[in-house]
Every structure is written in structure tokens, then in C-alpha cells.
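A.B. asks: Each chain, written out:
2 protein chains.
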Amino acid sequence: PKVVKKKVLDILRLAKEIAQDDPRKVIHSLKVGLSISMVSLFYYYQPLYDSFGLSAMWAVMTVVLVFEYTVGATLARGLNRTVATLGAGALGIGAHHIASLSGATAEPILIGAFVFVIAAIASFIRFFPKVMARYDYGMMIFILTFSLISVSGFRDEQVLKMAHQRLSAISIGGLACVVISIFVRPVWAGDEFHHSTANKLEILGDFLEAFVFEYFKISKEGKFEDNKGYSKDKSVLEGYKKVLNSKSSDEALVNFARWEPGHGKFKFRHPWNLYFRIGTFSRQCACRMEALHAHLSSDIQDGHIESLGKQTPLNGMLAAESSNHLLDTLFTQAARQLEYFKGNSA
Amino acid sequence: PKVVKKKVLDILRLAKEIAQDDPRKVIHSLKVGLSISMVSLFYYYQPLYDSFGLSAMWAVMTVVLVFEYTVGATLARGLNRTVATLGAGALGIGAHHIASLSGATAEPILIGAFVFVIAAIASFIRFFPKVMARYDYGMMIFILTFSLISVSGFRDEQVLKMAHQRLSAISIGGLACVVISIFVRPVWAGDEFHHSTANKLEILGDFLEAFVFEYFKISKEGKFEDNKGYSKDKSVLEGYKKVLNSKSSDEALVNFARWEPGHGKFKFRHPWNLYFRIGTFSRQCACRMEALHAHLSSDIQDGHIESLGKQTPLNGMLAAESSNHLLDTLFTQAARQLEYFKGNSA
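Residue numbers (the numbering used here), protein chains in the order written: chain Y, 1 to 346; chain R, 1 to 346.
A few of these clues could be false.
Simulated pairs of lysine-lysine, BS3-like, Cα-Cα distance not exceeding 25 Å [said to hold, decoys possible]:
(1) Y/Lys241 to R/Lys242
(2) R/Lys6 to R/Lys16
(3) R/Lys241 to Y/Lys242
(4) R/Lys130 to Y/Lys6
No wet-lab data here; the hints were simulated from the structure.
All chains should be built: construct the whole structure from the sequences, respecting the hints.
C.D. replies: Printed below as a string of C-alpha cells:
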């Protein structure tokens with residue numbers, strides 16, 4: 001019981017941290033709860049239930065599957081789902097129609113063959129790199145809807161009515177998500193992308209600054225004693241690691257930001273690709289910093305310069321000089337890159 | 001029409017490339033088609049349809065949503081889905097029972113409140129880093145099932161029977177996926193991870209080798225003329241870029257490999273974490289190589305060493321020396337790291 005209590009307290013503390021760190025996550029959770037409660041009106045409100053019946057389920061399902069944290073992600077999922085449902089629905093009804101012309105014995109075989117072929121082709125298309133990046137969810141829904149419509153058409157004579165109901169339910173569910181995510185305290189992927197990009201540049205700049213202080217404190221000890229603050233704050237010198245591994249989150253954000261309508265200072269066709277390029281440069285820059293950082297800690301650990309200096313004076317000078325030059329080169333490269341894309345992003 | 005024809009040909013060529021590059025992707029597509037056709041037997045075969053009815057839909061849905069490329073990913077999704085459905089189903093039936101005790105007017109309000117609270121809490125839990133990495137899909141299915149069961153319980157008096165049917169259909173669908181993905185030409189995430197890790201070390205080693213030849217060819221021209229092969233094959237020198245951005249795919253693979261039963265030379269609890277650590281080191285190593293590579297191209301472009309050499313002989317010597325030392329340091333760091341984790345992985 002003590003262990004359980006500790007675990008529960010740990011989880012609660014974590015939850016509190018996440019909530020304090022970004023209150024929008026709490027708001028997002030409430031928005032999801034609200035949307036699901038809203039679409040469950042399909043069940044409670046008699047006139048709505050009369051016209052939708054069991055298809056009301058699809059509205060609830062759509063909300064759960066489509067509602068994402070950012071507006072762009074919700075839009076991307078919603079559009080993917082709507083388009084895929086439309087296309088697959090039409091194709092499914094067509095397949096059902098063709099199969100039903102062929103008599104009672106051949107019908108299930110024919111439908112089975114259709115489902116096999118379409119599902120296999122669609123699964124293969126999901127491996128295309130572009131499709132995988134942007135339309136993966138849509139392809140999945142396409143396979144799902146096509147299979148369900150054509151297969152359950154075998155049992156349900158009113159296949160057209162069913163498809164129509166389902167599509168309306170999905171559209172309403174999708175629309176509810178989009179409206180709520182845009183109008184109730186929206187979280188824009190574009191804003192996130194903009195801030196994360198700016199933050200990356202900030203981190204890189206901070207690193208260079210902290211690095212200069214840290215380095216000179218070590219090699220010429222005593223001279224820069226008043227800059228103690230930096231050396232304690234190691235996190236500034238490790239910040240570049242966050243930048244290094246930012247590619248996948250950048251890729252997601254650029255894909256989502258693309259779907260978003262104009263908001264705030266961003267127009268609809270804001271050149272998000274350029275943000276992505278800045279990201280690529282900043283990752284290169286962070287790579288240099290990793291090298292610089294490793295150099296810093298190897299200097300400390302091995303007493304590199306000192307030990308080399310003991311061999312011969314010339315060697316020592318060369319080593320110190322070349323060590324400086326190494327830093328110089330790396331530093332200049334990093335600083336120049338930072339300069340370059342700061343200029344580009346302005 | 002010409003443009004369309006060209007597009008279609010392009011797509012076909014891309015498809016052919018993907019298929020030739022990895023025939024397992026074609027087999028995977030066929031497996032998906034097969035599984036979906038198999039579970040549609042729920043609709044065609046009368047005795048099965050009698051006992052499942054419309055719930056048969058859930059078997060088809062499960063196959064489409066759970067079947068993934070690797071065994072580990074399929075297992076992860078299948079287990080997530082089954083556990084989440086069980087938990088949410090029990091909770092949903094409980095909520096329905098409590099609500100139904102409270103009379104006809106209060107029932108929808110109470111259920112609405114339950115759905116709102118549970119959906120909001122579960123959505124928030126999805127933000128926990130560990131949950132997001134491994135159980136995100138399970139949490140989504142939890143919200144989905146809980147909402148559907150408790151809300152549609154309002155209309156369907158046989159809520160227990162419905163939940164039971166649905167759960168069986170999902171289990172059968174999930175089981176079909178798992179069996180087919182394990183026994184028909186399996187693609188193991190563990191194998192993929194092993195090979196991608198080995199391949200990374202290969203790429204890094206090739207880079208170092210190619211770099212040595214390329215560098216000496218430039219700085220002492222004429223001396224190493226017979227090593228032309230390397231300089232033309234720039235792709236070897238750019239291979240480290242693939243390694244640099246491998247973190248997210250490594251993360252996915254380590255999560256999937258963990259679920260897999262023993263296969264081939266790997267036992268159930270193979271230490272995949274160590275593979276991930278090798279991955280981290282190889283990314284650090286690739287970072288050094290990025291710096292080395294940039295140095296190489298800046299030497300070529302600026303004629304760095306030569307221009308410095310013109311100022312004074314000493315400067316030139318220092319520059320050349322420090323340049324060498326720069327390379328030396330980076331090279332040694334990279335080589336030592338490679339050595340280190342080659343030793344570790346053996």
C-alpha cells in the first residue's frame with residue numbers, strides 16, 4: 001500500500017507538472033470531453049436518433065479518432081477521413097452493385113476478391129514515401145470504409161441508405177471537431193512551429209555565449225572569475241541536444257501547419273518550408289556544437305593542453321594554437337551558420 | 001492526357017522500385033488483403049453471422065487498424081486494443097448501470113457527465129511522455145470504447161450482450177492479425193533493428209575510410225592518384241546524414257522489438273535497449289563526421305590552407321598543422337567511439 005501510494009503521488013505530481021508546464025493541454029482535454037458529449041446528443045435526442053439510428057456511432061468514433069492537439073493535425077485528419085470515406089464509399093457501393101448482379105453464389109466470392117485486391121493495393125500505396133508522410137490515415141480509412149461498405153452490403157439491403165447515413169454522421173463528427181478546435185482556444189501548429197524554430201535559434205545562441213565564457217574560464221583560470229554563473233548552468237551547454245533530434249517533430253509540424261487557414265500574423269500559404277530549412281541548418285549547427293562541447297569536456301578530463309605542453313615548448317605551443325584553431329574553426333562555422341539563417345528568417 | 005500518362009507511368013515506376021527494393025512490402029500488402037477477406041467470413045457464413053450479427057463489423061475494423069508491417073507493431077497494437085477494450089468495456093457497463101438506476105430524466109445527463117470526465121482525463125493522460133510513446137493507441141481505443149458502450153447503452157437494452165459480442169469480434173480480428181503476421185512470412189522488428197544498427201556502423205566505417213582517401217588526395221595532390229574511386233562516390237561521404245536522423249525510427253523499432261517473442265537468434269528479452277544506446281553513440285559519431293565533412297568541402301572551396309600559407313611561413317605551418325590537428329582530433333574521437341561500441345556490441 002505504501003508503494004502504491006507513492007506511485008499514485010508520483011503520477012499526480014507528473015500530471016501537475018505537465019498541466020503547469022502547458023495549461024493548453026488541460027484545455028485540450030476538456031475540449032475533447034466536450035466534443036464527445038456533444039455528438040452523443042445523436043443518441044439522446046429522439047429526432048436525431050430517428051434519422052441516424054445506429055450510424056450515430058460513427059459520429060462519436062470520428063470525434064475520438066480525429067480530434068488532435070493542434071488545429072492543423074485535426075484538419076489534416078478530418079479532411080483525410082472525409083475524402084477517404086467519400087471515395088471508398090462510392091467504390092464500395094459500385095463493387096456491391098456489380099457483385100449483386102452476378103447471382104447469389106458468386107456474390108460473396110466476387111466481393112471477397114474485390115476486397116482482397118483493393119485492400120492489397122491500398123496497403124501497398126501506403127508505403128509510398130509521400131503518401132506515408134501525409135495521407136497514411138486517409139489510406140487506412142479508405143481500406144476500412146471500402147471493406148465495411150462492400151462486405152456489410154451483403155447483409156444489409158439498404159446499402160445506399162447505410163452509406164449515406166454513415167457519411168453524414170462522419171461529416172458532422174468531423175465538422176464538430178474542426179469547429180471546436182478552431183474556435184475554442186485554438187492551438188495552431190503554425191504558431192508552435194514558429195516558436196519552436198525561434199526557440200532553437202535562441203538555444204544555439206545561448207550555447208555559443210555560454211561556451212565562450214566556459215572555455216576561457218578553463219584555459220585562463222582566474223581571469224574570468226566573475227563569470228561563474230555560466231559554468232553552473234550546464235543545461236545551457238546541453239541545450240543543443242534538443243535541437244539535434246528535432247527533425248521528426250519539425251516534419252510533423254510542417255505537415256500540419258500547411259493545412260491551417262490564415263491566423264494571427266500568418267497567411268494561408270505561409271512559407272513553412274523555409275522554417276523547415278532553418279530547422280535543417282540549425283541541426284547542422286547543433287552538430288558543430290556537439291563537437292565543440294565534446295572538446296570542452298575532453299579538455300577538462302584529460303588535461304589535454306597541459307599534458308601536451310610538457311613534452312616540448314614548441315609542441316605545447318602548436319597544440320595550444322591548434323586547439324584554439326580547432327575551436328576557432330568550429331566556432332566560426334557555427335556562428336556563421338547562425339548568422340546566415342538569422343538573415344534568412346528575417 | 002499526355003501529362004496524365006506521364007504521371008501514371010511515374011507512379012508505376014515508383015511502385016516497381018519500392019517492390020524491387022523490398023519485396024516484403026508486396027507480401028505484407030497481400031497478407032493484409034488475405035486477413036481482411038478472411039474476417040469477412042463473419043458476414044458470409046450464416047452460423048457465424050447468427051451469433052455475431054452487426055458486431056462482425058468490429059472484426060473487420062480491428063484487422064484494418066491493427067495489422068502493421070512488423071510483428072512487434074502488430075502485437076503492440078493488438079494488445080493495446082484488447083486491453084483497452086476490456087477495461088473500457090467494463091467501465092462503460094458500470095457507468096451505464098449506475099446511470100440506469102437514476103431514472104429516465106437523469107440518465108442521459110449522468111452518462112454525458114461520465115463521458116465528459118473520463119474522456120477528458122484519458123485525453124490528458126495521453127500527454128504523459130511514457131504513455132505517448134507506448135500506449136497512445138490503447139488510450140484512444142479506451143476513450144472510443146467507453147464512449148460507445150456507455151452512450152449506445154442508452155438505446156440498446158442488451159448492453160451486456162452487445163459488449164460481449166463486440167469484444168469477441170475484436171479478439172478474433174486481433175488474433176487473426178497476430179497469427180498471420182507471425183506465421184506467414186513474418187517481418188520482425190527485432191531483425192530490422194539489428195540490421196539497421198549494423199548498417200549504421202557500416203556506414204560510419206565506410207565514411208572514415210573514404211574520408212582518409214579523399215582528404216589525402218586533396219592536400220597532397222598527385223600522390224594518391226590511384227584512389228580515384230572514392231572521390232567520385234560522394235554518396236559514401238554523405239551516408240552519415242542517414243545516421244544523424246535515425247532517432248525517431250530507432251525509437252519506434254525499440255518499442256516494437258520489445259513486444260516480440262523469441263525468433264531466430266533473438267530471445268524474448270533480448271537487450272534492445274543496448275541497441276538503442278549504440279544508436280545514440282552512432283548519432284554522436286555522425287555529428288563528428290558532419291564536422292569533418294564540412295571541413296573537407298571548405299578546404300576545397302576556399303583553398304583554406306593555401307591562402308593562409310601565403311601570409312607568413314609560420315602562419316602557414318601553424319594553419320596546416322592545426323588543420324591536421326583538427327582533423328586528427330575529430331577523426332580520433334570518431335574512430336574511438338566506433339571502436340568503443342563495436343566492442344560493446346560484440
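A.B. asks: Could you check the structure against the hints above and give me the numbers of any it violates, in ascending order?
C.D. replies: The structure conflicts with no hint, since it agrees with every one listed earlier.
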